[in-house]
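Hey, can you work out the whole structure from these sequences and the hints?
In case you want the letters, here they are:
2 protein chains.
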Amino acid sequence: MIYLDHAAATPLGAKAKKAMEPYFADDFFNPSAPYYPAKKVRAEYESAKDRIAHTIGAKGNDIIITAGATESINLAFTAAAKKVLVLETEHQSVLETAKNFDHKLIKVDKTGLIDLKDFQNKLSSDIELVSISLANNELGTIQPLAEISEIIRKERQNRLKNKNKTPLYLHSDASQALNLIDINVARLGVDLLTINSAKIYGPKGIGALYVAHGVKLKPITFGGGQENGLRSGTENVPLTIGFAAAAEEVKAHLNGNRKHYEKLQKVFKEELKNAQIEPIFLGNKKHQLLNFCPVSFPGIDAERIIYKLEDKEIYLSTGAACAASKGEKSHVLKAIGLTDAEIAGSFRISFGALNSESDVKTAAKEISSAIKEELNRMRGEDA
Amino acid sequence: MIYLDHAAATPLGAKAKKAMEPYFADDFFNPSAPYYPAKKVRAEYESAKDRIAHTIGAKGNDIIITAGATESINLAFTAAAKKVLVLETEHQSVLETAKNFDHKLIKVDKTGLIDLKDFQNKLSSDIELVSISLANNELGTIQPLAEISEIIRKERQNRLKNKNKTPLYLHSDASQALNLIDINVARLGVDLLTINSAKIYGPKGIGALYVAHGVKLKPITFGGGQENGLRSGTENVPLTIGFAAAAEEVKAHLNGNRKHYEKLQKVFKEELKNAQIEPIFLGNKKHQLLNFCPVSFPGIDAERIIYKLEDKEIYLSTGAACAASKGEKSHVLKAIGLTDAEIAGSFRISFGALNSESDVKTAAKEISSAIKEELNRMRGEDA
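Residue numbers (my numbering), protein chains in the order written: chain W, 530 to 912; chain E, 530 to 912.
A couple of the hints might just be wrong.
Note that identical chains are pooled: a pair holds if it fits in a single copy or bridges any two copies.
[Unchecked claim] Here are the simulated DSS-like cross-link-like pairs (lysine-lysine), alpha carbons at most 27 Å apart as the crow flies: (1) 901 / 863; (2) 890 / 795; (3) 745 / 788; (4) 569 / 547; (5) 814 / 612; (6) 569 / 837; (7) 894 / 568; (8) 890 / 792; (9) 569 / 858; (10) 792 / 544; (11) 628 / 745; (12) 815 / 690; (13) 568 / 890; (14) 588 / 639; (15) 858 / 628.
Just so you know, the hints here were simulated from the structure itself, not pulled from any lab data. These numbers were taken from a predicted model, which means no experiment stands behind them.
Dropping the structure here:
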């Protein structure tokens, strides 16, 4: 099997799996119970929160554990009451949540990078929350968060000067970025940051929201109030401990992974270029997650190619799984100005822990040959 | 170790653990992805939903998978817009959610059973949702859901007659009950039912909400809309499959477990009675989950006893873990009219898969001797 869809799902890593193991059937206690083994579990849970927080330069108390990125994002948006501003290429979970507010979309350029002028124009004095992902989930385009937070800082100063008390917060969805970017919330200048275990070889169904001091959120579910009164439900000890192990693991291997994926990129792209099938590589070459290699072959029906490659156990996708499965055209590819033919011929290729250099070479060859076959078939039909 | 707090947390069962195993690192695919292995995972996920639903007499499409009981309950309450009615002894997740509405509390008797007259009096023509747990999480008292749903049916008829279009739904939290009651949603007459994997030896962080046809809910989180448009976030395949295995397992052993716990109850109670420490057994003798044995020793400080027993590796609690950890007095024990001294001397004892007859006997002996010691100490202080 050659799996090229790590942006959709990652397998659970060995260390995360091992870390979770004791908490299923042995140290299974409710961390709020009064006896010693439960208190020990409580301490280990809090320590796991600390370890997760440390990987983004924060403290355990600054993060809320959630059931995943979608919940984190929804919780982040409770910082706003009325007006929000989001990037037009955000993940569906951001866009759908934004629809509950008076919201505007910030434009991107052809590489998926934020249009900073458009952002400044739309950042009116009544905006309460801006949500911009650190890296896009289809293109891997990395946004200039430090520049963005600088613009936000200035807008806050303006508001202070004008005695405008409307708060302004910056949220970033770093679900995809955590694999390859050394994230530090202070350096990024974010007030809220979403991270997700499922995308970094941790267990599925667990995520976190970093919340800077002073940011006021409202709970979206009510009950025991286990997470700083903002999230209710018995703490998910095994999954949180697995998440911590996974987060530390990606952090420890950031540099090695970067080099590895850079090499995979190079091999993959060269192979496609040499095949004379005219690939259009998407996203921003300078600011792109190194494990992302989205590519379009205009005129080709990408879905047909995916089914063909399936027989050779090569697995890739056309876009975000949740949107693609509904037959929706990618709003991200539309936003960067691709034509319908370019969108129809697009693949979201994302490398990961399961890929070796030779895998990627084989995959590129098989993709090339499938596309050539398809081009020939189409020429035959035309003739 | 003798663990007597199965109502707070259950260890993951061997079958559920084994069932989850392949979905962590092998069949880890996103069920919305387009290639065959992902579609296979989708099919297995849907089949797990079917299996969970079947254990309560429903179909897979009738349930929404959530991150646990708290989320299920919060989602259930979206069926109401303004007015709700809940039992005063409900779990904190129900009570806190109800606080977002114009809500009234239904009284219970001294055994924790619903006061049906009070219920009928408070069921005004503008109530939209009634929430009554199938079995209480501190007392194990089982509510007469069929009688309750019959009252609701009559109220619906009244409304129809009076051209009152306010809908009226019955929700029940069956988190604790699933272990020992053969649940069938049609027989119970509920419109909404919450079940929870964590309480039935399944993985933590996964639950479900049964939603009868025609009940209109609103999402509480927004995004991919994976669960019938009502719940967003990538499907948690391993945990859902573990939940299905656990649900089938408890269902298959209902009769055996009932007999087993009945025996444990008997042994435990006899031992305490013979010790001449004047136990007051709480809850309803006729209508009580057989694995619950809440008991009070008025005048005793239950927390001291818990710490004493800890040294002997006997673990029990004073009440619901999430409330007890905040030092709150049990609202359930208050509701059934216990005095402060009776509440302070109360234990929530709940048997489970980890207990043998001899365990329970040993535990009762140790509890008795710890209480005797404490009584002697107190007499000494008085003298």
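Contradicted hints - numbers only
The structure conflicts with hints 3, 5, 12 and 14, although it agrees with all the remaining ones.
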